[in-house]
Structure formats: structure tokens, C-alpha cells
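Input sequences plus hints: build the corresponding full structure.
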Amino acid sequence: MGIFISRRILTAILCIFAALCLNFIIIHAAPGDPVRILVGQDNPSPEVIEALTIKYGLDQPQYVQFFRYVGNLLRGDMGTSIYTGEPVSLMILRRMGPTALLALTAAVLAMVIGTAFGIFSGRRVGSKVDSAIGSISYLFDAMPGFWLGLMLILIFASSLHILPTAGMVDVRADHEGFLRALDILRHMALPVTTLTLTLIPYYMRISRAAVVQALGEDFITTLRAAGMPESKIYRTYVFRNAILPTITVFGIQMAYLVTGSAIVEIVFSWPGMGSFVMTAISRRDYPLLMGIYFILSISVAVMMIAVDLLYSAMDPRIRHTGVKE
Amino acid sequence: MTLLSIRDLCVDYLAQDRTVRAVDRFSLDIPKGESFGIVGESGSGKSTLILALMGLLSKRKALVTGSALLDGADLIAMSEDERRAVRWKKMSIVFQNAMNSFSPVHRIGKMMQDIYFAHCPDSAKAERRTRMEELLGLVGLPPRVCDLYPHELSGGMMQRVNIALSLMFNPELLIMDEATTALDVVTQTQILKEIAQLEEKLDITRVMVTHDISVVASSCENVVVMYAGRCLEVGSVKTVLTKPAHPYTKGLIGGFPAEDEEGSDEEKRPLTSIPGTLPDLGAVPAGCIFEPRCDQSADACKSASVNLASLDDGRKVRCRRYGG
Numbered sequence: 006m007g008i009f010i011s012r013r014i015l016t017a018i019l020c021i022f023a024a025l026c027l028n029f030i031i032i033h034a035a036p037g038d039p040v041r042i043l044v045g046q047d048n049p050s051p052e053v054i055e056a057l058t059i060k061y062g063l064d065q066p067q068y069v070q071f072f073r074y075v076g077n078l079l080r081g082d083m084g085t086s087i088y089t090g091e092p093v094s095l096m097i098l099r100r101m102g103p104t105a106l107l108a109l110t111a112a113v114l115a116m117v118i119g120t121a122f123g124i125f126s127g128r129r130v131g132s133k134v135d136s137a138i139g140s141i142s143y144l145f146d147a148m149p150g151f152w153l154g155l156m157l158i159l160i161f162a163s164s165l166h167i168l169p170t171a172g173m174v175d176v177r178a179d180h181e182g183f184l185r186a187l188d189i190l191r192h193m194a195l196p197v198t199t200l201t202l203t204l205i206p207y208y209m210r211i212s213r214a215a216v217v218q219a220l221g222e223d224f225i226t227t228l229r230a231a232g233m234p235e236s237k238i239y240r241t242y243v244f245r246n247a248i249l250p251t252i253t254v255f256g257i258q259m260a261y262l263v264t265g266s267a268i269v270e271i272v273f274s275w276p277g278m279g280s281f282v283m284t285a286i287s288r289r290d291y292p293l294l295m296g297i298y299f300i301l302s303i304s305v306a307v308m309m310i311a312v313d314l315l316y317s318a319m320d321p322r323i324r325h326t327g328v329k330e
Numbered sequence: 005m006t007l008l009s010i011r012d013l014c015v016d017y018l019a020q021d022r023t024v025r026a027v028d029r030f031s032l033d034i035p036k037g038e039s040f041g042i043v044g045e046s047g048s049g050k051s052t053l054i055l056a057l058m059g060l061l062s063k064r065k066a067l068v069t070g071s072a073l074l075d076g077a078d079l080i081a082m083s084e085d086e087r088r089a090v091r092w093k094k095m096s097i098v099f100q101n102a103m104n105s106f107s108p109v110h111r112i113g114k115m116m117q118d119i120y121f122a123h124c125p126d127s128a129k130a131e132r133r134t135r136m137e138e139l140l141g142l143v144g145l146p147p148r149v150c151d152l153y154p155h156e157l158s159g160g161m162m163q164r165v166n167i168a169l170s171l172m173f174n175p176e177l178l179i180m181d182e183a184t185t186a187l188d189v190v191t192q193t194q195i196l197k198e199i200a201q202l203e204e205k206l207d208i209t210r211v212m213v214t215h216d217i218s219v220v221a222s223s224c225e226n227v228v229v230m231y232a233g234r235c236l237e238v239g240s241v242k243t244v245l246t247k248p249a250h251p252y253t254k255g256l257i258g259g260f261p262a263e264d265e266e267g268s269d270e271e272k273r274p275l276t277s278i279p280g281t282l283p284d285l286g287a288v289p290a291g292c293i294f295e296p297r298c299d300q301s302a303d304a305c306k307s308a309s310v311n312l313a314s315l316d317d318g319r320k321v322r323c324r325r326y327g328g
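Respectively, the protein sequence lines represent chains A and B. Going by the numbering used here, the residue at position 247 of the first sequence is 252; the numbering climbs one at a time, nothing skipped. Going by the numbering used here, the residue at position 30 of the second sequence is 34; the numbering climbs one at a time, nothing skipped.
Read the hints as simulated data drawn from the structure, not as lab findings. From the three backbone atoms N, C-alpha and C, an ideal C-beta is built for every residue, glycine too. Take these hints with a grain of salt, some might be off.
Computed spacing ranges between beta-carbons, pair by pair [to be verified]:
(1) A/319 to B/147: 18 to 28 Å
(2) B/306 to A/253: 51 to 61 Å
(3) B/86 to A/117: 34 to 44 Å
(4) B/18 to A/286: 52 to 62 Å
(5) A/245 to B/261: 41 to 51 Å
Structure, rendered in C-alpha cells:
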């Protein structure tokens, strides 16, 4: 097991480095120039442009810039934002929390609800209930997240006035402690619902297929032939075998959610990473962008290792392939 | 004494636009204590017959009619609850795919104990554990197998586990559906020998479903030859396999290398095969079902249907040439 984990961590580090190189190349190859954006459109003076270019080291050859960046990174310095002058690490730290809160809640909810529906549906495969649930899931699958978000705002915030339209806290109320948590919860309701609804169909289809597949396995026939009650077969054997693919999907979805929720974050003005990335891109804020993508690739790698560990805990066949005697 | 008496058993698979009769008016008496072999090529309805007896065919996909009396109780007519009580206590089954017949993510002992628990909810944990180890001991496996996962065992060991599982409640009837087909010949012989011993010890009647005539020849007393869901020839292994009457039985035997019996120094005969394939069960010919592939067919075979006829040596044959 120890070998398995250390090997996974090593490959993760290699992956993160590869992602770093690619990000650097792509970000710097993209048209546009942070200094140009910084100085504005109205006849900027060439002296200012040159001074800023030198200040941020953008006059150096790209490979020098790259090695300088990696060197700083190894010393724990992610640089400062070109646009705001703040340390990148602090800016990201501030934004990570809200995104994690939103994405994790939505992913867990979607997994639980989606898997429940999938198992329910898979158990009745081919029935009217099954096809009804299937059709509804395709409906939600086809809805774009931002549209669903806007519709929810229209209904629950604009018309019914039960929930706030945007933001994470009510800035005028300035709650403390428990009331603040309650306030955040109220603000979370709509964006989480939007994300959850768009994610549910995915989990549903995966778990439904897994149930159908598990039901076709020979050991189910053995259990039936041995006189085991259907309810027990489902509760213990089908469920346990069908839950495995869901774990993998959860990991992939989570990694994707951190950035994928950007549009929903923008619709609800959620102060998270998603909207942050968009602004950083439009400003060509190189150090900030590099920092964001660096942190994202770390979180994806960590998530994948976590999923692998969870999977090996759930599936004995995986557990033993890591260590060969 | 007859243990299992099957009368006019029919199984129709319900496809979308037609029904396919996989087993047609199948009748068979299995005497207590005499092992029975069911042979036939793939698709001849052997497994369908077994699944129908065990009540494992989905009601939406298959229609089962006729009767099958096990100790006087009709397996076909009984309710799901009654059937659950009969399963494993009176009749159990060992499937072909030993590796896949246990859940891959549960320990072997867990699934065995769950099945025990399903029938004896009052049993104590220690009692269940003891019984599992006892059963594994019967088939020559150490107690630690309880704590292993299926993928940690070889195919032969898994088949032993399956046999151990099937013996859990000392069933009267043990069905082995191609149970040794996937094993290598050495393991197969070994397991067959052990089964024969267990049978004697535990007073079990075995039904062996296989397409391998040599398995039946070496381990069964009676044999029924199935083709396209019908019984073509039934009798003791000695009469049917040494002096086959039906052209199909002859063909099946011709496709297998001869058993090396003492004193038979005859020239090695060439292996033959039966031309053609199984008929389309959705459109069965009016006459003898085997007629299109038979090397002794006559015009009369094409039109009139053929019934089972009893011969002097105790066997029954479904062939016009024997008065069927």
C-alpha cells in the first residue's frame, strides 16, 4: 500500500509539472499583453510601457521568464498580480473557500440524489417509471447551467422574493457567527440548486447503468437461486457493486467543478474561483493565471489520489494490484 | 422412487414480435439416488430447462407451463415465497462460471453466511462460521478461504467453493450446470471424483448438465439427450452411450474421442461432426425436429411428428425408425 501511494504521489508531481509547462506556454502564446491592458487605450506613453515591461520581467526571453517563475515557485513565492499588485497566493486563498463550499456541496448533493434516482430507476429498468425518470433527466441535462440559474433567480428571487439574487453574504446586514452561516446558506441555495440539477443526470445515468450491469452478473443469479430475498440482494450486493463507478465520476466531476462552475458563479456573482479566472484571463494577468492553474492542477491531482484510495478501499481487486509479493 | 418428475414442461421465450419455444413438452423422471446427465449442444435448451426448474426465468421474458414435482411439490406452480424455501434446502445448483458466481467485492465467507442467514435467521454468528468452515472442509479447502475474495482463488478452487455453497443444507437434488466445463481436465476429473464421494456420503441426487459426453459417461448413471428443447433419447448411460439408437446421439458420440476401455485396441476412429446447425425455434418444421440434419432421414420424417417410443432395454427414443 505504501508503495502504491508513493508511486501515485510521484506521478502526480510529474503531472503537475507538465501542466505547469503547458499552462505557461499557452498563457504566454495567447494574444494580448498585460502591460497594454494595464496602461489603457488612451495614448499610453512608450516610456511607461517600457518601464512596466521591464518591471515585470516581460522583456526577458520566455525561457528565462519560465525558469525564474519555477525558481520562485520552488521557494514558495507565487508572485504578485500585475493588475492589483497583491500577492497571488493571498488572492487565491480568499477565493478558494467560496468555490470549494459551492462545488463540494453541489457535488455531494448531486451524487447522493443522482445515485439514489439511478438505483431506483435501474431496479425498474424498462418500466414506465424508469423511462419517465430518464426523460426528466435528459431535460435537465439539456438545460444550460446559466439559463437554469437565471430562471431560478426569476422565480425565487425576483418574483417570490424568498431568496437573495446574488453574492455570498448580505453586505448590509453584517451578521456574525451563526446568523452569518445562515445568511451564507440562504445565498447558497440557488447556485447550489442550479449546479446540483445540472449534475444529477450524470450521476443518475452512471449509477443506473451500473445497477443494470450488476443485475446481469452471474453472482446475482447465484444469490437468487440460493433463495436470498430480493431486497437483501439489492441492499447489499447490487448496491455495493453499483456504487463503484460513481466514485470515479465523483472525482472527475469535482476536479471539473472547480472551474466548471464559473458560469454559475458569474450568474450569481459568487465570489469564487470561477469568476476570478475569467477576470484574470481578460486582464492577461500572467502571474495570477499561472497561480490559479497551478493550484487547480494540485487540487485535481489530490482529488484523483483521494479517489484512487477510496476506490481501492471499496474494491478489493484494485487493492491488491498495487503490491505484488 | 422418483425424486423429480417433470411432465410436459414448455418454456416460451417472449420476444417482441414472436415467441420462441426453447423447451418443448419435456418429460423426465429422475429417480432418487441415480445421477442423471443432460447432454446436448449449445442452444439445445439444457440451461433453459434448469433455469425454469429453479424459477430463475423472468416472468416478463419467459412463459413456463407444465409441471415439475419435487417430492410432490410442483416447482412450476408454487409461489415465490414457497420457491425461496425450496431453493437451496431441497435443490441447489452449481453454475458454470465459477469465477463470477460470487460477488467480487465481498469476502467469500460473507456471501456464504448471508445465504445461510437468509434461510436460518435465528442462527448465531459462530454457528454460521463453523458451518462455512465445515463445508469448505468437505471440498478440501482450508477455513481461511472464508476471508478471501473470489479473485484470490483459482478457477478450480472457486468451483469447489461453489460446490461447498450448494451443499449448505444437504439438498436432495443437486444440479450442476456445466459446472466442470471451464476447468482443465485434471481438475475436472478430480472434482468429479470428489462429487461422487460426497453424493454417496450425503445422499444427494445429482443432475449434470453438460455438452461434454465424456463427463456424463464417467460420472452419471442415466442420460437424456436434448435437442432443440426436446428429449430425443433417454436411458441408462450404458445402453445409450454404448449403443446409441437415435442418429443425433450417434452424431454426438462420433464427435468425441473414444474412451480408452480395457481390451479395445481398435484403430483410432476419425472424429465426425453433425452437419448443419440447430433449427430456428421460431419456425419449427412439422416433422421430426432433427430431420434436416439427419443422415438417415426419409420422406416420412418430414411430415409426421414423432413421439418417444420405449425400447426393450428400458430406453426411450424419439425416432420414426423405432416406431416413434
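Here's how the hints hold up against the structure:
no., hint, in the structure
1, A/319 to B/147: 18 to 28 Å, "26 Å, holds"
2, B/306 to A/253: 51 to 61 Å, "59 Å, holds"
3, B/86 to A/117: 34 to 44 Å, "38 Å, holds"
4, B/18 to A/286: 52 to 62 Å, "59 Å, holds"
5, A/245 to B/261: 41 to 51 Å, "45 Å, holds"
In the structure shown, no violation is registered for any of the earlier numbered hints.
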